[in-house]
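Engineer: Residues per chain, in single letters:
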Amino acid sequence: MSVLVVVECADGEVKKSSLEVASYGAQVAAQLGTTATAIAVGEATEANLAKLGEQGITKVLYDAEPRLKEFVNNAYTKLIATASEQEQAKIIVLANSNIGAAVGSRLSVRLKASLATNVVELPKTDGGQFVVRRGAFSGKAFSDVVLGSDRKIIAVKKNSIEAKHEAGKTAEVASFTAQLSDADFADAPTQVVMQDQAGGVLLPEADKVVSGGRGMKGPENWNLIEDLAKALGAATACSKPVSDVDWRPHHEHVGQTGITVSPNLYIACGISGAIQHLAGVNSSKVIVVINKDPEAPFFKAADYGIVGDVFDVLPKLTAAVKELS
Amino acid sequence: MKFLVCISNVPDTTTKITFTPDNKEFNKTGVQFVINPWDEYALTRAIELKEAAGNGTVTVLNVGEADTEPNIRKALAIGADDAIRVNAAPQDAYFVAEQIAAIAKEGAYDVILMGKESIDYNGFQVHGMVGELLGIPTVAPAMKLDLSGNTATLEREIEGGKEIVTVNTPFVASCQQPMCEPRIPNMRGIMTARTKPLKVVPPVGEPARTTVAEFALPPKKQGVKLIPAESAGDLIKLLRNEAKVI
Ligand SMILES: Cc1cc2nc3c(=O)[nH]c(=O)nc-3n(C[C@H](O)[C@H](O)[C@H](O)COP(=O)(O)OP(=O)(O)OC[C@H]3O[C@@H](n4cnc5c(N)ncnc54)[C@H](O)[C@@H]3O)c2cc1C
Ligand SMILES: Cc1cc2nc3c(=O)[nH]c(=O)nc-3n(C[C@H](O)[C@H](O)[C@H](O)COP(=O)(O)OP(=O)(O)OC[C@H]3O[C@@H](n4cnc5c(N)ncnc54)[C@H](O)[C@@H]3O)c2cc1C
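Just so you know, the protein sequences line up as chains A and B, in that order.
According to the working numbering, the first sequence is numbered sequentially starting from 1.
According to the working numbering, the second sequence is numbered sequentially starting from 326.
Among these hints, one or two may not hold up.
Said to hold, decoys possible - In silico DSBU-like cross-links for lysine-lysine, where the CA-CA straight-line distance does not exceed 35 Å:
hint, chain 1, residue 1, chain 2, residue 2
1, A, Lys16, B, Lys430
2, B, Lys430, A, Lys322
3, A, Lys90, A, Lys285
4, B, Lys430, A, Lys112
5, B, Lys550, A, Lys292
No lab work stands behind these hints, which were simulated from the structure alone.
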């Protein structure tokens with residue numbers, strides 16, 4: 001019996017969300033009196049994988065098959081299922097990402113496991129039940145779910161678990177092969193197109209976000225948002241109407257029908273705070289609202305607010321951030 | 326081409342979420358239910374692809390009790406040809422996936438479309454489970470879907486970019502913006518929807534693997550601290566020294 005953690009890597013590095021997943025898995029293992037093994041997917045370096053020891057992982061399995069560098073649903077599912085059999089894993093922990101959820105749902109059927117996605121806390125295991133808290137109703141509530149099967153799969157929401165970090169500890173990196181065949185790669189993407197990040201921060205991974213709404217008046221004013229984001233090392237985001245009229249790309253749209261973010265800091269500029277928008281951002285740790293209308297509903301969900309004109313306030317904030325460093 | 330579009334019946338996006346006093350159930354009192362917004366992309370795209378091909382059928386499927394029928398009729402009014410309701414409360418995602426897989430198999434559907442995720446339970450999982458149950462690919466979440474003969478080309482969103490994926494039918498895809506402009510029913514659609522076939526079938530398969538023990542609401546905010554616009558820069562100091570987030 002052990003805990004298997006699925007660690008996503010890109011460009012040689014372990015993704016931040018996967019460090020959280022690794023730490024979550026190690027803590028579950030400790031709760032159950034066992035150890036946590038990781039299986040790494042994507043492009044990784046041995047040195048970075050060994051560093052997962054800092055999150056409490058004892059062993060990392062890595063299949064150097066070159067076609068595994070990009071996400072292939074079937075191949076990843078088989079790889080992880082094979083690792084899970086080898087390690088006799090009762091619990092598999094992965095990220096609630098577009099990779100983790102895709103693989104997790106297939107694995108749950110293949111391994112006859114019960115699955116909880118969007119999980120925000122460590123499990124409660126007292127009283128003979130295994131209960132996890134997950135986000136539901138698009139950020140408006142939580143549900144405590146009992147995982148009934150012998151095997152369990154947990155997909156952990158980004159930025160809801162703090163990655164523990166014990167400097168200097170290393171994990172053993174072991175080579176591993178799932179004996180994948182060409183057929184397992186039949187659903188490989190024909191092409192992967194990455195966004196032009198140009199030094200920017202990726203929204204789903206960001207721990208600070210500066211977001212603009214219709215109050216920004218037009219795409220030509222987004223330099224104000226970008227300047228503050230750059231100074232803070234934040235990602236940029238927007239409300240739905242802003243992406244609907246193509247002022248900003250769709251992948252920046254947050255809310256109930258966009259992406260859900262839970263950064264440490266969310267700064268909303270010229271956004272009214274409609275319930276559908278709040279649903280996507282209200283699990284942020286600190287919310288700042290800048291709006292010229294003191295009655296804007298967003299102020300009710302905010303920790304800090306400035307009643308004022310974004311065109312006046314944003315440059316002042318950017319200047320103040322630059323003064324800090 | 327036979328399209329199967331799975332729709333979930335969810336509380337309207339403006340709903341204030343509350344639970345029964347024991348926190349065991351969602352409080353439906355006064356709540357308006359709608360077709361899950363993401364499922365509207367699946368439905369509209371299926372209708373568009375059928376129209377472009379000049380032949381085919383679009384069947385909508387819901388796993389739910391009789392109170393979901395107004396939204397099934399709405400989907401028929403938008404342009405689906407017929408509907409199936411599996412007569413059972415959707416106990417959990419695996420239970421729902423089993424029902425969808427059984428219907429898809431029996432009806433030999435070529436393209437099974439869903440929404441990205443339900444806005445009530447936010448599982449983002451039924452599509453993967455159905456693909457695995459049927460042994461066919463799932464592309465989730467898809468931002469674009471085109472068909473040429475039996476081959477589909479899709480754009481799948483990934484963190485920080487997108488993948489172009491080509492699959493042959495049958496396959497499962499879960500849909501999101503900007504795939505299409507979701508349609509709304511017109512008068513003629515509403516009239517014809519009344520007489521379109523809606524078949525009610527009993528559930529199959531194994532029981533659910535998960536149960537909800539309890540629901541909870543997020544903690545209330547303390548209240549906003551306002552900073553005068555003239556001294557906006559002070560906010561940054563507060564974020565550093567008080568909130569400690571920068
Ligand atoms: C089914 C459904 C799903 C939806 N999903 C989403 C979703 O996922 N995400 C989302 O964001 N929305 C969503 N919406 C839309 C949502 O209801 C709101 O319409 C939208 O969030 C409003 O965007 P906004 O705040 O940018 O614009 P507005 O509501 O127009 O607000 C603009 C704000 O800017 C302020 N302002 C104007 N000028 C200035 C200035 N110079 N300085 C400072 N402040 C200024 C105004 O006071 C106002 O509060 C959805 C709606 C529906 C029906
Ligand atoms: C009365 C009631 C009690 C419930 N109790 C539980 C419980 O105890 N435990 C639990 O885990 N869940 C429970 N649920 C949630 C319910 O089972 C969900 O519908 C199911 O889990 C799928 O939601 P999801 O968020 O996982 O779907 P997702 O994976 O997010 O949905 C993806 C897509 O699948 C399709 N889809 C989802 N649901 C349906 C459906 N019902 N019919 C047709 N297509 C669908 C839609 O296209 C949707 O966009 C309950 C729901 C109700 C109404």
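Engineer: Failing hints, ascending?
Structural biologist: Hints 1, 2 contradicted; others consistent.
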